[in-house]
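Just so you know, the protein sequences line up as chains A and B, in that order. The opening position of the first sequence corresponds to residue 13 in the numbering used here, with each subsequent residue numbered one higher. The opening position of the second sequence corresponds to residue 7 in the numbering used here, with each subsequent residue numbered one higher.
The set of hints was computed from the structure by calculation and includes no laboratory data. Everything numeric in this text was worked out from a predicted model, so none of it was measured. Just so it is clear, CB atoms sit at the ideal spot from N, CA and C, and this is done for glycine as well. Check each hint, because a few of them may be wrong.
Pair by pair, the computed Cβ-Cβ distance ranges are [as the list claims (entries may be wrong)]:
id, chain 1, residue 1, chain 2, residue 2, range
1, A, N372, B, A146, 55 to 65 angstroms
2, A, E390, B, T151, 52 to 62 angstroms
3, A, D283, B, K42, 54 to 64 angstroms
4, B, P218, A, E208, 52 to 62 angstroms
5, B, E12, A, P126, 46 to 56 angstroms
6, B, R195, A, G64, 21 to 31 angstroms
7, B, F8, A, K263, 28 to 38 angstroms
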Amino acid sequence: MTEVKDLGVLMQGNEACAAGALAAGAKFFAGYPITPSTEVAEILAAELPKVGGKFIQMEDEIAGMAAVIGASLAGLKSITATSGPGFSLKQENLGFAIMTEVPCVVLNVQRGGPSTGVPTAPAQGDVMQARWGTHGDHPIITLAPASVKETFEATVKAFNLSEKFRIPVILLMDEVIGHMRERVQLPRAEEIEVVERKKPDVGPESYYAYKDDETGVPPMANFGDGYRYHVTGLVHDETGFPSNNPERIKKFLDRLHNKLADNADEIIMVDETEMEDAEIVIFAYGSVGRSAKKAVKELRKKGIKAGLFRPITIWPFPVERLKQRLGGVKALVVPEMNMGQLVGEVERVAAGKVPVIPLNRYDGELITPAEIVAKVQEVL
Amino acid sequence: MFSQIEEYYRLEKLPHIWCPGCGHGIILGAMTRAIKELGYDQNKTVVVSGIGCSSRASGYLDFNTLHTTHGRALAFSTGIKMARPELKVFVVMGDGDCTAIGGNHFIHAARRNIDLTAIVFNNNIYGMTGGQYSPMTPQAKKATTAPYGTIERSFDLSQLAIASGATFVGRGTAYHAKLLTQLIAKGARNKGFSVVEAISQCPTSYGRKNKPGDPAEMIKLQKQQAVKVSAAARLTEEQMQGKFTIGVLHDTPAPEYTETYEQVIRRAQAKA
Numbered sequence: 013m014t015e016v017k018d019l020g021v022l023m024q025g026n027e028a029c030a031a032g033a034l035a036a037g038a039k040f041f042a043g044y045p046i047t048p049s050t051e052v053a054e055i056l057a058a059e060l061p062k063v064g065g066k067f068i069q070m071e072d073e074i075a076g077m078a079a080v081i082g083a084s085l086a087g088l089k090s091i092t093a094t095s096g097p098g099f100s101l102k103q104e105n106l107g108f109a110i111m112t113e114v115p116c117v118v119l120n121v122q123r124g125g126p127s128t129g130v131p132t133a134p135a136q137g138d139v140m141q142a143r144w145g146t147h148g149d150h151p152i153i154t155l156a157p158a159s160v161k162e163t164f165e166a167t168v169k170a171f172n173l174s175e176k177f178r179i180p181v182i183l184l185m186d187e188v189i190g191h192m193r194e195r196v197q198l199p200r201a202e203e204i205e206v207v208e209r210k211k212p213d214v215g216p217e218s219y220y221a222y223k224d225d226e227t228g229v230p231p232m233a234n235f236g237d238g239y240r241y242h243v244t245g246l247v248h249d250e251t252g253f254p255s256n257n258p259e260r261i262k263k264f265l266d267r268l269h270n271k272l273a274d275n276a277d278e279i280i281m282v283d284e285t286e287m288e289d290a291e292i293v294i295f296a297y298g299s300v301g302r303s304a305k306k307a308v309k310e311l312r313k314k315g316i317k318a319g320l321f322r323p324i325t326i327w328p329f330p331v332e333r334l335k336q337r338l339g340g341v342k343a344l345v346v347p348e349m350n351m352g353q354l355v356g357e358v359e360r361v362a363a364g365k366v367p368v369i370p371l372n373r374y375d376g377e378l379i380t381p382a383e384i385v386a387k388v389q390e391v392l
Numbered sequence: 007m008f009s010q011i012e013e014y015y016r017l018e019k020l021p022h023i024w025c026p027g028c029g030h031g032i033i034l035g036a037m038t039r040a041i042k043e044l045g046y047d048q049n050k051t052v053v054v055s056g057i058g059c060s061s062r063a064s065g066y067l068d069f070n071t072l073h074t075t076h077g078r079a080l081a082f083s084t085g086i087k088m089a090r091p092e093l094k095v096f097v098v099m100g101d102g103d104c105t106a107i108g109g110n111h112f113i114h115a116a117r118r119n120i121d122l123t124a125i126v127f128n129n130n131i132y133g134m135t136g137g138q139y140s141p142m143t144p145q146a147k148k149a150t151t152a153p154y155g156t157i158e159r160s161f162d163l164s165q166l167a168i169a170s171g172a173t174f175v176g177r178g179t180a181y182h183a184k185l186l187t188q189l190i191a192k193g194a195r196n197k198g199f200s201v202v203e204a205i206s207q208c209p210t211s212y213g214r215k216n217k218p219g220d221p222a223e224m225i226k227l228q229k230q231q232a233v234k235v236s237a238a239a240r241l242t243e244e245q246m247q248g249k250f251t252i253g254v255l256h257d258t259p260a261p262e263y264t265e266t267y268e269q270v271i272r273r274a275q276a277k278a
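Next comes chain A alone, as it looks inside the complex (with noise of 0.2 angstroms):
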């Protein structure tokens, strides 16, 4: 027998979230159709019912997220799509998820912004909103893929990291991850790591929705489960009621950060090239991480030691991953579709201690390898 080579399959960002959605297990998507994201809730319309999952349009990109609430509460992984002006929109009920720890998945395309801005061209205009887009402190994640096949796999974490951590997670694309189309090799089903959510291990008499287990993380209840508890958005003690109590609102608040804070390193995702010795670092995420690797191999050409740190995770911050990185390092060249925004993060690490160079563009266009390239040599 001959043996057929497996291709793979030309595959768009957009199409891949989907079935990496599919791959994780979710069972249910609600949204509101926007531009550059779509595809997603079309695909999904097709494909979740096939699995016996469901989806649904509704009225407006507020309703999609709180129903996408309401359904992981009842126990299905649940997602929605949108891009900036949607993500506007979703910010109310993204820190209600934050706040009543339940698990989803929000998948921004980002576009060009503010307002309406540009629908069909790329930004990363999104990146704080994502960290801050919803009142109050609070923790989040945000993963930042860079290519089709990394969408596939972003999308398994998202659903993975929301389960285990109960947090919403927001997977911040970019029109040109979104719309892109590569071939990609999907992994076999059972080359997936899936996570659930935890369950209680304790009867319902004893169930207290929102008690720390030493994990951080509460056993979650499903509704319909037989554990009758109190879900609200008000700051509430462990028993998931109300509480005015200043100890408690406190405890409750350090809990909430440091479910995150104390897994850094299974949250954080890191991609370097050329880093061993790299005397230049390009910082770069999603889209222009591409063009960063690009711009890395170009300089090494020249003999010019670069090397791209290129965080998966941009929420939150990889600080300590840079950190280890700066020794050794004469400037660091922040590239981005913005006017300026996770530069300010990696000055944060830098500290004055190396040089942070910007270099933006917020015209639509995607940075190049050779704008990456003349700026690095405008630097040294």
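On the provided structure of chain A, position chain B as indicated by the hints.
Here is chain B on its own, set in the frame of chain A:
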């Protein structure tokens, strides 16, 4: 009396926060009596609420309870019901919560005819924030944000629900508590989107600025102004001036959303 429905309350969370003279406790009592009559399993029953005075009800009840964001209770409920259609879902909202910030979700839940039972505690005012006018404050009545009387016309919630596609619509008052229990039970039995408008009184926020403001007088007014649907049919438009109908206002079955979605699943799987 209370002993019959005590099992549905988280007794340690009582007394409730509602002001003396408020009608909400009566409506909550009617709701739990209806659930008693329906014999629903507490583990399979969900109470979802929005934000405001009425929405504190979820915390007092021993079911799966969800206290959501302002106006969004129906959107959250839609997700729950789709995920697990076997759950019985009651949605508690206030008039401002349901018809102002939540107005869009309300009309679309009705349009879909998703099997939720919405109970709108209508006290014609934003109570929790101290008495601002809502879309259901009658025209010319005063509120802290309408010191000269509101110039806005108020919604007729029942007409709105019917026009949007709700398959069961009823209206009762805190005075007509027994009727309210019947309406909520009927609404829950309806396989589709049911709306029960429960007229309540807010002596604190509404009554301080309008007449009558005394709780007993306000509840008497509910008695005087309410006309049963059957009796209203015999009255002229003139005779109905200043009055409103109570009872079953609309009861027209139609295919229910989650049941229809099950057919979508079957079709998709047959194709796959």
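Legend entry - Cβ separation of N372 of chain A and A146 of chain B, checked against the hinted range 55 to 65 angstroms: At 56 angstroms between Cβs, range holds.
Inset, instruction - Take the C-beta atom of E390 of chain A and the C-beta atom of T151 of chain B, compute their distance, and say whether it sits inside 52 to 62 angstroms. - result: Check passed, 58 angstroms falls within 52 to 62 angstroms.
Legend entry - Cβ distance range 28 to 38 angstroms for F8 of chain B and K263 of chain A, holds or violated: 35 angstroms Cβ-Cβ, so the 28 to 38 angstroms window holds.
Legend entry - Verdict for R195 of chain B, G64 of chain A (Cβ pair) under range 21 to 31 angstroms: 28 angstroms, holds
Legend entry - Assessment of proposed distance window 52 to 62 angstroms (beta carbons of P218 of chain B, E208 of chain A): 57 angstroms, holds
Inset, instruction - Check the following: the C-beta atoms of D283 of chain A and K42 of chain B are separated by a distance inside 54 to 64 angstroms. - result: 59 angstroms, holds
Legend entry - Distance restraint hint 46 to 56 angstroms, applied to the beta-carbon atoms of E12 of chain B and P126 of chain A: The hinted range 46 to 56 angstroms holds for E12 of chain B and P126 of chain A, with Cβ atoms some 54 angstroms apart.
Hint violations for this structure: none, all hints satisfied.
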